[in-house]
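Enquirer: These are the residues of each chain, in order.
There are 6 protein chains.
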Amino acid sequence: MEKENYLQSLITATPMEGRELAIKLARKSIAAIQTDPEIRKKLRADYANDTKQLIASAEVIAIEFQTIAAANNYWRGAIN
Amino acid sequence: MEKENYLQSLITATPMEGRELAIKLARKSIAAIQTDPEIRKKLRADYANDTKQLIASAEVIAIEFQTIAAANNYWRGAIN
Amino acid sequence: MEKENYLQSLITATPMEGRELAIKLARKSIAAIQTDPEIRKKLRADYANDTKQLIASAEVIAIEFQTIAAANNYWRGAIN
Amino acid sequence: MEKENYLQSLITATPMEGRELAIKLARKSIAAIQTDPEIRKKLRADYANDTKQLIASAEVIAIEFQTIAAANNYWRGAIN
Amino acid sequence: MEKENYLQSLITATPMEGRELAIKLARKSIAAIQTDPEIRKKLRADYANDTKQLIASAEVIAIEFQTIAAANNYWRGAIN
Amino acid sequence: MEKENYLQSLITATPMEGRELAIKLARKSIAAIQTDPEIRKKLRADYANDTKQLIASAEVIAIEFQTIAAANNYWRGAIN
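Protein chains in written order, with our numbering: chain V, 2 to 81; chain S, 2 to 81; chain P, 2 to 81; chain Y, 2 to 81; chain U, 2 to 81; chain D, 2 to 81.
Certain hints may be false.
Pairs involving identical chains hold if they fit within one copy or between any two copies, as the list cannot separate such chains.
With a straight-line Cα cutoff of 30 Å, these simulated DSS-like cross-link-like pairs (lysine-lysine) come out [claimed, not checked]:
(1) Lys29 - Lys43
(2) Lys53 - Lys25
(3) Lys25 - Lys42
(4) Lys4 - Lys43
Quick caveat, the hints were computed from the structure, so don't treat them as lab data.
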């Protein structure tokens, strides 16, 4: 199986797209370790109802977003 | 359902607004994983009374705020 | 109830004041989630005697301080 | 036994290769502490099915990737 | 009781002194939350023998050290 | 007993040496809290077989490495 290239670039048009990319990167990291999509589907129920894990997931997203925001110079040119 | 654009910009007028944005981003990450607002409401009681989870939430806010503060050049021009 | 503006600026006169601000920000994040001061008071005993939670709190303070220290250019002009 | 040099450079041609390097670095850290490959193999089942540990692993990858992305100036010259 | 000023400056003569300051800052954060020195003494046994907490403490030190190392421009002028 | 100076400099010749220094710093932080080498030896078995703790250790190494990599300007001049 060929590996998917899920990250063409860290540059996004808007901060919101940057957020979505952060969420995507977090998910892809989990998929890189647990490679079976069926198992991932079943595991999803485990953490979507467990606040501890939701908070931990939010932390991963926050860290990924730091990188993406820096890459985009914080979209400073975007309209406020 | 159309996706909400909850992040127009990382730029805020004041540090305090930056704090509020950090809290909002943390909440929106959780909502991105647990998409059911009814379940989120119920889960809220779980972590608002558990100091371990309150501290973990504060960590997420701190990381989001790092990004926002950098984006705003730490509001250095603001009145001290 | 009007929201308190607990963060006028990230700029502090001394590194020590920066530490105090970091601790304040960490506390205010918890207060933003658990808004009832009576419950917070009761919860305090839970974490002040639990080393796991004390260490986790110290981590939040360390992250907040990173932001404050960068904002102040690490107080490089201060007397050593 | 001679030590393997698993990190010749932080520079990668593409963001995707940067992601792969981040995952590799995370794995090598674990191998540096648990040096027995047979034990590591057995342990793998422990965390690949535990969402808490998958999320924690994703956090390590996110932190390693921050470093790699900065090293590569966020691949800003790459084609979007 | 007057508050102790335990952080006159982030600038240290050597990287090693920077490490020591990082450890000191981590300890002082815990002391800021658990203010009773007798209780802290008793709690010390809890975490000094628990590898989970030792690792968590090492993480706090690593974060504090990031700040101190940046403040000192990584002691790049120091003799290697 | 005189304190060991285990960190003469953050500058390393290669990225690989930077990784090794990151691992060393993580270990030394633990040794700074649990000062008894005999106890540390016994504790080692606790975390080398526990994936949760291996992942947490990998996180500490990742954070230490961020600092070291920045100090070395990411070894950008090194041969790829």
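Enquirer: Is it within a copy, between copies, both, or neither that the alpha carbon of lysine 53 lies no farther than 30 Å from that of lysine 25?
Expert: Both. Shortest intra-copy (20 Å) and inter-copy (18 Å) distances satisfy the 30 Å Cα cut-off.
Enquirer: As a check of your reading, is lysine 25 near lysine 42 (CA-CA no more than 30 Å) within one copy, between copies, both or neither?
Expert: both (15 Å within a copy, 25 Å between copies)
Enquirer: Cα distance capped at 30 Å. Does lysine 4 pair with lysine 43 within a copy, between copies, both, or neither?
Expert: This pair counts as both: shortest intra-copy Cα distance 23 Å, inter-copy 25 Å.
Enquirer: Please work out whether the CA atoms of lysine 29 and lysine 43 approach to 30 Å or closer within one copy, between two copies, in both situations, or in neither?
Expert: Answer is both; intra-copy 16 Å and inter-copy 23 Å each pass.
Against the hints set out earlier in the document, no violation occurs for any number.
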